[in-house]
Each structure stands twice: as C-alpha cells, then as structure tokens.
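Residue numbers (my numbering), protein chains in the order written: chain A, -16 to 95; chain B, 69 to 180.
In silico lysine-lysine, DSS-like type, Cα no more than 30 Å apart, as pairs: (1) A:39 x A:50; (2) A:53 x A:39; (3) A:53 x B:125; (4) A:50 x A:19; (5) B:81 x A:19; (6) A:19 x B:125; (7) A:50 x B:125; (8) A:19 x A:53.
The hints are simulated quantities; they were obtained by calculation from the structure and are not laboratory data.
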Amino acid sequence: GEDVEQSLFLSVREGDSSVINCTYTDSSSTYLYWYKQEPGAGLQLLTYIFSNMDMKQDQRLTVLLNKKDKHLSLRIADTQTGDSAIYFCAVSYGGATNKLIFGTGTLLAVQP
Amino acid sequence: KAGVTQTPRYLIKTRGQQVTLSCSPISGHRSVSWYQQTPGQGLQFLFEYFSETQRNKGNFPGRFSGRQFSNSRSEMNVSTLELGDSALYLCASSLTGGETQYFGPGTRLLVL
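Generate the whole structure from the sequences, applying the supplied hints.
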C-alpha cells in the first residue's frame, strides 16, 4: 500500500543547513512535494519534483530524489529562525487525481 | 490572484450536530480536494471533486460527504458529529487534477 514516513523532529542552529528526509513505499509515484505548515496555518507549497528527476534547486531549497531507495530529501541552506515549522512530504500517484499521501511531518526547530 | 479561501475559519459544534464547510478554489481551478488533519492520524485525504463530480474518495465513513458547484466552489458536510471529528479541515485546488495543489488556511472544527 501507499505509505510515507518522515522523522519527527530536527533541531539546527541558525545559519546551518537542514536536511529533512522522507521515504515512501509505492514506486509508481509521479509527483513528490514538500509543504510547510506554520502554527495555526494551512499548508504552503515549497517545492515539488517530478519522479523522472533526480534533483531540483530553488533558491535556498534543494530536493533530492533517489527512486531506487524511494527516498526524498529537502535541504534548506542557511536556515533561518523563520524556517521553524512542520515540513510535510507528499506523494501523488499520477492520473487526473489530486489524492496526496502525506508523511507524518517533521518539526524543524531553528536555534538562534 | 486570490488564493484558496475557506469559511468559516473556526467552528464549535456539539456531538450529533451536522456541519457544512465551504471552499472557494483559485480562479480557474476546477479540481478541489479535501483533507482532514488530526494529531493522531495526520493528514488524510477525504475526497476530490472535478466538474461537479466526485472523482476520488478516501477511507472515511458515509457521514462525510461533499459536493461541487458549477463555479467550482465546494462544500463538505459532516453529519452526526463525533468527538473524533475535531480536526483541521483543509481544502486544496488545482487546475484539473494531478498538477500542483494549493491549500487554503483550513477550517478548525471542535466538537464538544
């Protein structure tokens, strides 16, 4: 079945790089997403990658996809206190459907 | 362009009542999906609507229903509320489905 897992917590110092990891079980994924959720808010789309790509860079964000290991990561360079939030990876399985399978979320705490 | 809007933002109901939540997608988007977020179960897909038709459905009881209007606005209804229905209900829209989804701020429902 479809399952997406993430580590629950990551703590980094301001200015360091953060790496948030995600693993998924179903290899027929098409799009993989990273969303950010701040307290009391909805989900903000950060970036996404197509399943036929290995890497995507978008300013401070770098997404790496290892399809063989079914592993997705999000690297945030020069992490700031404003990056403190919960980060969700989500996987879609193609076709004309919007169904996303979400990971459990990783709480990123940035220490000043 | 305005984002996804959801009303109301907060709602308090008692067990046994019913509730209707509303979602207005981004202008031009025709696909609307609903998700439930709880601390215990995380983010779970409820259903997706496209062109006034339910295209996909998650694993929720029949008390959860929805509909979509000709202007793509969507409503979801929960009947006979239970304490466990307390959650953040998120709506997301995309052009036709399968592309990038954008989420609204959510409706926080508390069932007493």
